[in-house]
Amino acid sequence: MSVTVHREISRNSLTWILVTNVAAIAPHVIRLPYWLIAICVGCLLYRVMVFRGIGSFPNKWWCAFLVLSGGVGIFLHYGINLGPEAGVALLIMSFAMKMLEMNRFRNAYIQLILTYFVVATEFLFNSSFYMTLYLYGVMLMITAALIGLSEASLSSWKMLRLSFFLSMQALPVMLILFIFFPRISPLWALNMTGPTETVGLRESMTPADIAKLGRMDRRAFRAEFFGNIPDQEQLYWRGLVFSEFDGRTWSVSENYSSLQRSNTFYQLNISVEQPGVEYSVMLEPTDQTHLFALDMPQVYQSGINFNRDFTLTTGQPIAQLFIYSVRSFLHYQAQPTLTDRQRVRELQFPSDTNPRSQALAKKWMQEVGGDPEQLTQKILQWFGEDQFIYTLSPPALKNDIVDRFLFDTKQGYCSFYAGALVFLLRSAGVPSRVVVGYMGGEINPLGHYVVVNQYDAHAWAEVWLEAKGWVRVDPTAAVAPERIRDSVQRGLSEKADFLKDYPLSLARYRHSALLRQMWRSIDYASFSWQRAVVGYDEDRQQALLKHYFKNVSALSIALGLFAVVMCLLGVLAWWLLHTRKSSHHDVLDRAYVDFCGVCAQKGLTRKPGETPYQFARRLRPAMPTKGVQIDEITQLYMQQQYQASASPADRQSAVKRLRQLAKMIGRP
Amino acid sequence: MLIKNNWFKSRWLSWLNKRIPPSQSVQLSQRQIFIFLTRNGWMASGVLLVLFLGAVNYGNSLILGMAFWLTAIFLVSIFHTYRNLAGLTIDALRVQSCCAGERARFYINLSRPENGQQHLALLLTWGGVQQFSELTNQLSTTVCMALPTRQRGCFQPGRLNIASSFPLGLFRAWTWIDLDMACWVYPKPLPSPLPRLQGAGEMTEAQLLNRVLGVDDFEGLQTYAPGDPLKHVHWKVFARTDEMFTKTFVAAHQPQRLLDWSKMPSDHLEVKLSQLCYWILQFAEQHVSFALHLPGEKVALGSGDLHCQRCLIALAQL
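Sequences listed follow chains P and W, in order.
The opening position of the first sequence corresponds to residue 18 in this note's numbering, with each subsequent residue numbered one higher.
The opening position of the second sequence corresponds to residue 333 in this note's numbering, with each subsequent residue numbered one higher.
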């Protein structure tokens with residue numbers, strides 16, 4: 018026969034659990050499919066109804082049916098290939114459904130511990146400073162809810178306070194572990210799909226694509242320079258090279274994309290002029306493999322390839338903030354000779370399209386006497402002088418897009434001009450190609466770095482000239498020089514269509530000095546956060562350790578780390594556990610205890626429970642010469658201790674006298 | 333298997349006896365407190381491990397930071413869990429005996445020093461009974477645990493388990509203390525007719541009882557002896573003379589007030605004891621004096637609570 022106490026979840030803790038659950042799921046909502054959000058809300062409402070006494074917990078068949086159909090829904094929505102996003106969706110679904118069976122104590126614990134997990138997964142998608150602050154706040158709440166679960170009588174305020182104390186006491190250990198715990202490379206390869214919606218430039222381009230990016234206020238990357246930041250006109254961030262044209266779409270040549278490997282400048286026949294500029298790029302997730310760098314980039318980082326079209330790629334799509342260091346040589350000579358195969362590739366175009374453009378190019382080529390450089394100049398001049406308009410919302414084009422653009426609409430964005438230029442040059446037999454990437458960026462003087470946004474996306478051309486090699490030609494500079502000189506926002510911000518989908522974007526109002534300053538400060542905080550915390554990886558850790566502990570082996574660092582953590586915990590344990598014994602003894606008590614100590618030295622120890630009078634009675638025969646002092650001490654002590662009217666001054670002099678007397682007794 | 337289990341159990345108990353010897357007052361400290369992960373703690377550790385692996389594999393600093401922070405919080409919570417028990421003093425107070433099958437009440441006192449820590453969410457488990465208690469604002473509290481009994485005899489509930497998994501529920505601190513408390517469990521009362529008396533015919537139980545009561549006529553006064561029911565003290569005489577006298581009453585059938593083991597209408601030892609117990613309780617309720625004859629022990633004629641208790645203990649001990 019045994020009687021077990023069944024604990025019910027108190028209403029206060031249940032409220033806490035539900036609130037933390039909502040707080041943990043909230044940031045995920047933007048990525049979840051609508052039906053899943055509906056399931057979450059439904060589960061929550063149903064649980065609240067049960068909480069308020071309407072309805073009862075669903076039986077297990079219902080639960081099984083819900084879980085099964087939800088799982089099927091996830092597979093239908095995301096496919097079999099479970100990336101982090103689908104995994105998180107599955108987690109959140111089961112998490113929401115777990116609310117329905119949260120009736121027992123143990124289930125509540127499981128629910129809360131899972132909440133930690135749900136909170137952590139948000140970091141896969143968002144690593145901003147403010148999100149981190151929010152998520153750590155939710156973590157604090159979960160800890161508070163756990164506390165409330167173990168002790169129902171605590172008030173919410175006390176739960177939060179204890180949770181805060183716990184977290185703060187744990188903070189030093191956490192920081193030490195974060196900085197010194199050996200960062201290791203991934204244990205096994207993961208299928209990282211990252212954000213399902215590809216952000217930024219893609220592997221192919223129709224002219225309208227870049228215009229879409231041009232309206233997007235979203236950061237592409239930051240580049241921190243070690244040394245002088247090059248002039249705005251030199252900030253051409255090469256991303257992709259398009260050599261393939263099918264009459265409508267420009268795309269990366271099959272040949273290049275299949276031959277991604279690390280080449281050296283020597284292999285590619287590139288000569289550069291020292292010194293280069295050094296910088297480190299913090300690339301936001303793109304779900305693509307290409308990286309951005311100024312021409313000609315050189316990278317010594319495993320996992321990054323330098324390709325034959327002078328671009329950089331990684332082996333895996335970039336699913337979260339990616340940091341890489343580059344040295345770029347702004348003055349270079351690339352491939353002064355072309356192989357036949359290269360020449361064929363860079364001259365390819367569908368010859369049955371855009372007849373007017375082809376004819377014009379051939380005519381002009383004859384006019385300039387077959388000099389590609391002069392032909393390029395002539396075309397650029399035409400772009401600048403004729404009624405070409407640079408706009409983010411050009412009219413839509415169908416069939417023979419180059420012809421329609423060059424001769425009819427004459428309105429377009431950078432990709433229109435770059436594409437048209439390359440088409441004209443190729444028609445005239447000049448090897449050339451389209452390069453896309455970003456142009457310019459905003460320098461933040463607070464941190465010596467450049468912020469490049471999606472609206473800085475740009476397309477330009479690269480022309481191959483005999484003996485000079487590949488030369489960058491930007492037709493946009495001929496049409497809208499202010500776009501190149503001042504970076505896009507100042508060139509365009511007066512125009513109505515710039516960032517028209519982002520009425521609240523700070524970039525729109527950047528001509529206000531105050532707002533600009535504010536934006537810079539906020540961005541700088543976010544930059545520092547990314548650099549110091551989010552980007553703190555294996556390489557950075559090693560650099561830091563090398564800087565402070567030269568020639569220290571990994572083993573000794575690990576041992577040192579262990580020792581430091583143990584010491585920290587030891588200090589904490591001492592501080593938490595040692596009982597402050599003297600705190601409730603006041604000075605008077607202590608003086609009397611000292612007197613007892615003196616007597617103890619003479620072999621007369623005060624017994625437990627013996628009153629001062631009893632003790633004195635026992636002392637007197639043992640120390641006949643000190644009888645007067647013993648009596649006085651006892652009298653004084655009892656008087657001070659039990660007399661209500663004793664003033665603090667009296668008390669102090671009594672303590673003084675007590676100590677004197679104790680000393681006198683101590684003397685032989 | 334059973335033998336092996338028993339062997340382990342005895343080894344465990346002897347080790348425990350050495351580590352936490354039986355005592356009527358125990359203050360919990362390192363020596364008495366054990367601490368380990370709870371089931372939830374194991375689960376949380378699993379989640380931490382998954383977080384850590386995920387953070388490493390995705391190269392995500394912030395998840396790693398969170399995993400480290402949670403690890404640190406869990407480690408720190410060990411101290412808090414320990415502190416929640418440390419310093420708690422448990423004192424044995426008293427025990428209320430009972431009949432077999434009823435619950436014996438064990439009173440213990442929980443206290444803490446004036447400058448000590450609060451003790452929250454304490455789960456006391458003793459003899460299969462669980463009870464929550466806590467020491468928050470008060471310095472001491474008395475806990476009564478009603479423990480079920482089965483057999484007559486000396487009842488020792490074994491070690492008292494005090495546990496708490498405050499604050500996070502991931503670690504559980506507990507102790508097994510032996511408060512050296514025991515009580516006598518009396519036989520379970522069993523209604524039965526009183527044994528047939530010489531010369532008298534068969535009588536029903538009710539009649540017998542009535543008879544005993546019916547002849548409770550005033551007989552005289554005798555000097556008061558401790559244990560005499562206060563109801564029977566002759567207060568008027570006391571007021572006059574300052575001497576206490578007890579009024580005595582006589583029953584018509586003097587022999588009936590002797591409860592004799594050998595005369596009980598059963599052959600079975602336990603049944604006889606149960607029947608005796610029933611009559612002792614009946615007489616005590618009616619304030620009747622009686623004597624008890626058991627093999628090897630004789631309790632002289634008497635009445636009152638002490639007398640009753642003495643008789644019941646004699647039954648329990650037999």
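Please note: incorrect hints may appear among the correct ones.
Computed list of chain W residues with no C-beta within reach of chain P, every gap over 10 Å [as the list claims (entries may be wrong)]:
hint, residue
1, 342
2, 366
3, 371
4, 402
5, 466
6, 470
7, 563
8, 575
9, 594
10, 613
11, 642
If you want the footprint, here are the derived chain W segments under chain P, 3+ residues with CB under 8 Å [to be verified]:
hint, region
12, 410-421
13, 497-505
14, 633-641
Honestly, the hints are just simulated from the structure, not real lab data.
From the three backbone atoms N, C-alpha and C, an ideal C-beta is built for every residue, glycine too.
Output the indices of the hints that this structure fails to meet, ascending. Violated hints: 3, 4, 5 and 14; rest satisfied.
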